[in-house]
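There are 2 protein chains.
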Amino acid sequence: MSLPQPDLPEPAHPAVDSMLSRKFGREVANYFSGSPLNRVSFLRPDHAFLSQALKHPDASFLLFNKLEPLLKSPTEIAYAKFADIQPIIGDDPYAKSEEDVIKEYNSATYVPQLIFLGIDERKEGFAYKDRYKGQPYFAVDVSPKGLVTEAAEALIKSCQAKGLEFSKGRMHMSLPAQEAAIYAEARHLLDWNARNPYCAACGYQTLSINAGFKRTCPPKDVAPSVQNSERPPCATRTGVSNLCFPRTDPTVIMAVVSADGQRMLLGRQKRWPKYWYSTLAGFLEPAESVEEAVRREVWEESGIYLGRVVIHSTQPWPYPANLMIGAIGQAIPGGEEINLGHDAELEDAKWFTADEVREALQVGTSGLGEDAGPGYKEGGLRVPPKTAIANQLMEAVVAGFASGAPMI
Amino acid sequence: MSLPQPDLPEPAHPAVDSMLSRKFGREVANYFSGSPLNRVSFLRPDHAFLSQALKHPDASFLLFNKLEPLLKSPTEIAYAKFADIQPIIGDDPYAKSEEDVIKEYNSATYVPQLIFLGIDERKEGFAYKDRYKGQPYFAVDVSPKGLVTEAAEALIKSCQAKGLEFSKGRMHMSLPAQEAAIYAEARHLLDWNARNPYCAACGYQTLSINAGFKRTCPPKDVAPSVQNSERPPCATRTGVSNLCFPRTDPTVIMAVVSADGQRMLLGRQKRWPKYWYSTLAGFLEPAESVEEAVRREVWEESGIYLGRVVIHSTQPWPYPANLMIGAIGQAIPGGEEINLGHDAELEDAKWFTADEVREALQVGTSGLGEDAGPGYKEGGLRVPPKTAIANQLMEAVVAGFASGAPMI
Numbered sequence: 309m310s311l312p313q314p315d316l317p318e319p320a321h322p323a324v325d326s327m328l329s330r331k332f333g334r335e336v337a338n339y340f341s342g343s344p345l346n347r348v349s350f351l352r353p354d355h356a357f358l359s360q361a362l363k364h365p366d367a368s369f370l371l372f373n374k375l376e377p378l379l380k381s382p383t384e385i386a387y388a389k390f391a392d393i394q395p396i397i398g399d400d401p402y403a404k405s406e407e408d409v410i411k412e413y414n415s416a417t418y419v420p421q422l423i424f425l426g427i428d429e430r431k432e433g434f435a436y437k438d439r440y441k442g443q444p445y446f447a448v449d450v451s452p453k454g455l456v457t458e459a460a461e462a463l464i465k466s467c468q469a470k471g472l473e474f475s476k477g478r479m480h481m482s483l484p485a486q487e488a489a490i491y492a493e494a495r496h497l498l499d500w501n502a503r504n505p506y507c508a509a510c511g512y513q514t515l516s517i518n519a520g521f522k523r524t525c526p527p528k529d530v531a532p533s534v535q536n537s538e539r540p541p542c543a544t545r546t547g548v549s550n551l552c553f554p555r556t557d558p559t560v561i562m563a564v565v566s567a568d569g570q571r572m573l574l575g576r577q578k579r580w581p582k583y584w585y586s587t588l589a590g591f592l593e594p595a596e597s598v599e600e601a602v603r604r605e606v607w608e609e610s611g612i613y614l615g616r617v618v619i620h621s622t623q624p625w626p627y628p629a630n631l632m633i634g635a636i637g638q639a640i641p642g643g644e645e646i647n648l649g650h651d652a653e654l655e656d657a658k659w660f661t662a663d664e665v666r667e668a669l670q671v672g673t674s675g676l677g678e679d680a681g682p683g684y685k686e687g688g689l690r691v692p693p694k695t696a697i698a699n700q701l702m703e704a705v706v707a708g709f710a711s712g713a714p715m716i
Numbered sequence: 309m310s311l312p313q314p315d316l317p318e319p320a321h322p323a324v325d326s327m328l329s330r331k332f333g334r335e336v337a338n339y340f341s342g343s344p345l346n347r348v349s350f351l352r353p354d355h356a357f358l359s360q361a362l363k364h365p366d367a368s369f370l371l372f373n374k375l376e377p378l379l380k381s382p383t384e385i386a387y388a389k390f391a392d393i394q395p396i397i398g399d400d401p402y403a404k405s406e407e408d409v410i411k412e413y414n415s416a417t418y419v420p421q422l423i424f425l426g427i428d429e430r431k432e433g434f435a436y437k438d439r440y441k442g443q444p445y446f447a448v449d450v451s452p453k454g455l456v457t458e459a460a461e462a463l464i465k466s467c468q469a470k471g472l473e474f475s476k477g478r479m480h481m482s483l484p485a486q487e488a489a490i491y492a493e494a495r496h497l498l499d500w501n502a503r504n505p506y507c508a509a510c511g512y513q514t515l516s517i518n519a520g521f522k523r524t525c526p527p528k529d530v531a532p533s534v535q536n537s538e539r540p541p542c543a544t545r546t547g548v549s550n551l552c553f554p555r556t557d558p559t560v561i562m563a564v565v566s567a568d569g570q571r572m573l574l575g576r577q578k579r580w581p582k583y584w585y586s587t588l589a590g591f592l593e594p595a596e597s598v599e600e601a602v603r604r605e606v607w608e609e610s611g612i613y614l615g616r617v618v619i620h621s622t623q624p625w626p627y628p629a630n631l632m633i634g635a636i637g638q639a640i641p642g643g644e645e646i647n648l649g650h651d652a653e654l655e656d657a658k659w660f661t662a663d664e665v666r667e668a669l670q671v672g673t674s675g676l677g678e679d680a681g682p683g684y685k686e687g688g689l690r691v692p693p694k695t696a697i698a699n700q701l702m703e704a705v706v707a708g709f710a711s712g713a714p715m716i
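Chains as they are written, first to last, in the working numbering: chain A, 309 to 716; chain B, 309 to 716.
Do not take every clue at face value.
Keeping only pairs whose Cα atoms sit at most 20 angstroms apart, straight-line, the calculated DMTMM-like set for lysine to aspartate or glutamate is [unchecked claim]: (1) A:K522 - B:D651; (2) A:K441 - B:D651; (3) B:K437 - A:D651; (4) B:K522 - A:D651; (5) A:K453 - A:E376; (6) A:K441 - B:E645; (7) A:K389 - A:E458; (8) B:K522 - A:E653; (9) B:K441 - A:D651; (10) A:K578 - A:E655; (11) B:K522 - B:E406; (12) A:K578 - A:D651; (13) A:K437 - B:D392; (14) B:K465 - B:D392; (15) A:K465 - A:D557; (16) B:K578 - B:E653; (17) B:K374 - B:E473; (18) B:K658 - B:E645; (19) A:K411 - A:D400; (20) B:K380 - B:D366; (21) B:K441 - A:E645; (22) A:K522 - B:D557; (23) A:K389 - A:D399; (24) B:K522 - A:D557; (25) A:K582 - A:E678; (26) A:K522 - B:E653; (27) A:K582 - A:D679.
None of these hints come from the bench; they were simulated from the model.
Model the full assembly from the supplied sequences, consistent with the hints where possible.
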């Protein structure tokens with residue numbers, strides 16, 4: 309049995325037609341979610357597991373050069389095999405226990421970042437302790453650096469000779485949903501590791517452990533250039549510190565409806581194409597509930613006062629480390645006057661009718677850099693594509709999210 | 309007009325009785341949310357605003373000594389006035405622009421952490437540009453340290469002489485809800501600043517700016533002991549880096565119901581009192597949606613396979629920096645067998661009937677360190693108190709969250 313996926317073809321599971329789903333409709337699985345991998349996170353400290361998974365002939369490796377993924381085409385990831393990356397990561401980076409790896413920490417050595425992403429339980433082959441079965445997936449940073457420069461450059465060249473490419477640009481929104489989710493996990497973790505080489509508590513360099521899901525501040529550093537191999541005490545070594553674990557920044561994104569439910573508020577930034585609007589969004593702040601963050605952001609950016617806020621769905625967003633929490637909020641009567649003068653983030657904000665939004669969802673969607681579709685008429689509203697949670701929130705409101713009847 | 313509060317007395321706002329609220333019931337405002345303060349976050353870089361708010365006679369200061377808040381009693385915060393803390397923070401820490409403060413950065417100087425929390429718009433008095441009006445709230449770290457040691461010790465003594473106390477222990481769950489929300493904001497930010505004195509990108513010391521909501525890695529350090537006042541380049545200085553902003557860790561917490569909706573899964577940790585169970589919970593991982601994280605955590609900890617997941621409400625949790633995202637998930641038929649052998653976090657997990665949970669919510673709630681209430685009979689289920697989102701999730705399921713009819 310594998311972890312259920314909301315995007316499995318119908319009929320997914322009988323329970324999906326149960327009380328919750330009848331009331332809420334099918335779960336919206338936003339782009340970058342819906343990974344087919346079971347992360348078996350509890351096996352990450354187990355170097356014997358990692359070592360076997362790594363060297364299994366089925367193991368698949370997603371390669372990144374400076375955070376750019378190796379692709380066959382804009383719609384297909386190019387996976388490598390263990391033999392391809394062995395010159396870069398060595399015969400077995402998981403040969404030793406974590407304890408020993410920490411003891412032997414040497415800040416002068418460059419260790420290419422390796423991430424264990426999970427196992428795809430739909431594919432047989434690899435098995436651990438006869439319980440955890442599936443195709444293992446890893447991500448590897450093959451950027452030419454330190455002692456691996458030569459090997460990495462050779463690998464990159466051989467990939468290019470096969471017609472593969474490390475895809476430039478930040479967004480990879482043309483991958484199929486499940487591939488996009490695997491890529492998102494890899495990118496988020498490679499970025500977090502690359503972005504945090506030093507300990508924020510003590511300023512010393514840290515070391516990646518737990519298959520790429522943890523960084524630790526080793527008590528010793530045996531690098532020859534270091535005068536005293538014993539490091540001073542560090543707060544992250546006593547108890548559990550969040551500094552050692554990957555960071556994910558919660559953001560709120562919200563479809564705002566008028567008090568009478570007839571209109572939807574959308575805003576636009578200056579750098580966006582003409583006629584393009586989207587839902588408002590912003591970072592959740594310390595000690596805010598999501599509902600409070602939604603009310604604050606909407607007021608700060610548009611001057612609108614919201615009453616009730618309902619959470620709709622969520623979307624991982626690996627640029628670099630966000631969790632987008634999608635909500636629908638309703639203005640209070642008398643609180644609908646737009647004021648862009650508080651926080652000057654938006655160039656414009658406007659109330660749109662249901663018909664305007666409905667038409668835009670049909671003919672005016674596209675990526676930010678793309679042209680609107682063939683049905684679009686100049687001057688009409690343009691909105692984000694289906695891969696954006698903003699689009700899903702607009703769709704939900706127009707379709708009458710959770711109400712049985714249209715909201716607007 | 310001030311930002312709406314979900315816990316205002318009835319009738320709150322007419323919109324609260326509109327379509328969304330009729331379908332969803334009133335919004336659940338969990339403990340530590342529901343702050344009465346408008347953070348006016350966009351004014352934080354404005355040192356003229358901060359300076360006026362700081363020195364206004366209405367300004368109220370929440371004092372912390374090593375993260376312990378100054379209280380009058382377990383149910384009341386003791387606020388100080390500007391004159392009380394002037395010996396510690398100086399005449400006006402906001403006299404200079406942020407630009408100048410960064411230019412003059414000196415890593416050898418200890419600057420007590422000061423946080424601008426927001427303005428309470430219900431109280432008249434202070435006004436900025438005739439638009440932002442209300443009583444200003446700040447938090448200050450008065451721990452005896454560096455050059456302020458003497459002044460801080462004197463302040464602490466004078467507080468104690470008045471019968472006030474820096475409250476030991478981590479949890480302050482007996483404060484009224486709105487005070488708890490103010491305390492939570494202060495604690496989260498003081499902790500984040502204290503926990504992150506160094507830059508994770510380059511290892512150099514950082515400086516608090518934006519009224520305590522940002523840390524920056526200054527390009528120069530004029531401390532006399534520093535050989536070269538120009539620092540090397542740092543990645544956080546080009547573009548916007550999340551490392552400069554407070555961290556909030558999203559966690560998921562979920563009431564799990566059986567496929568037929570008749571039972572609820574609860575688990576217990578070894579260190580909890582006998583008969584005490586709660587909902588399962590865990591950290592969201594990189595590039596997971598909340599719905600995926602809920603399914604993963606429930607499977608890892610209990611072996612149960614979930615289908616549909618619905619988000620219920622959220623709770624800020626300032627120990628040290630969590631956002632608890634509360635959800636309700638439903639097991640798929642055939643996926644209800646408990647297996648504690650994957651991730652060994654729980655001592656036990658068990659299916660309970662609606663009646664068992666209902667009774668526990670009536671007679672078996674209490675804080676972890678407290679005795680169960682008078683109606684509790686030894687051997688009955690014990691569960692967390694109303695201040696915990698776990699309790700609210702159980703209540704929601706028993707009351708038939710969003711279904712019109714009981715879920716279990």
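So if I understand the rule, the pair passes when the alpha-carbon distance is 20 angstroms or less; does A:K522 with B:D651 pass?
holds (17 angstroms)
Taken at face value, is the distance from the CA of B:E473 to the CA of B:K374 at most 20 angstroms?
The given pair, whose Cα atoms are some 13 angstroms apart, holds under the 20 angstroms limit.
Decide if the proposed pair is consistent with the structure: B:K441 and A:D651, CA atoms, cutoff 20 angstroms inclusive.
At roughly 16 angstroms apart (the allowed maximum being 20 angstroms), A:D651 and B:K441 satisfy the hint.
Would you check the hint for A:K441 and B:E645, treating anything up to 20 angstroms between C-alpha atoms as holding?
holds (19 angstroms)
Compare the distance between the alpha carbons of B:K437 and A:D651 with 20 angstroms, and conclude whether the hinted pair is satisfied.
Distance of about 14 angstroms is within 20 angstroms: holds.
Taking 20 angstroms as the top limit, are the C-alpha atoms of B:K522 and A:D557 close enough?
At roughly 14 angstroms apart (the allowed maximum being 20 angstroms), A:D557 and B:K522 satisfy the hint.
Sort out whether A:D399 lies within 20 angstroms of A:K389, counting only the CA atoms.
holds (13 angstroms)
Quickly compare the C-alpha distance for A:K411 and A:D400 to 20 angstroms and report which way the hint goes.
Since the Cα atoms of A:K411 and A:D400 sit roughly 18 angstroms apart, the hinted pair holds (cutoff 20 angstroms).
Does the alpha-carbon distance linking B:K380 and B:D366 stay inside the 20 angstroms limit?
holds (19 angstroms)
Regarding the pair A:K582 and A:E678, is the alpha-carbon distance no greater than 20 angstroms?
holds (12 angstroms)
Going straight from one Cα to the other, do A:K441 and B:D651 come out at no more than 20 angstroms?
Measuring from Cα to Cα gives roughly 16 angstroms; hence the hint holds.
Checking one constraint from the list: CA of B:K465 to CA of B:D392, max 20 angstroms. Satisfied?
holds (12 angstroms)
Checked against the numbered hints listed earlier, the structure breaks hints 13, 15; every other hint is satisfied.
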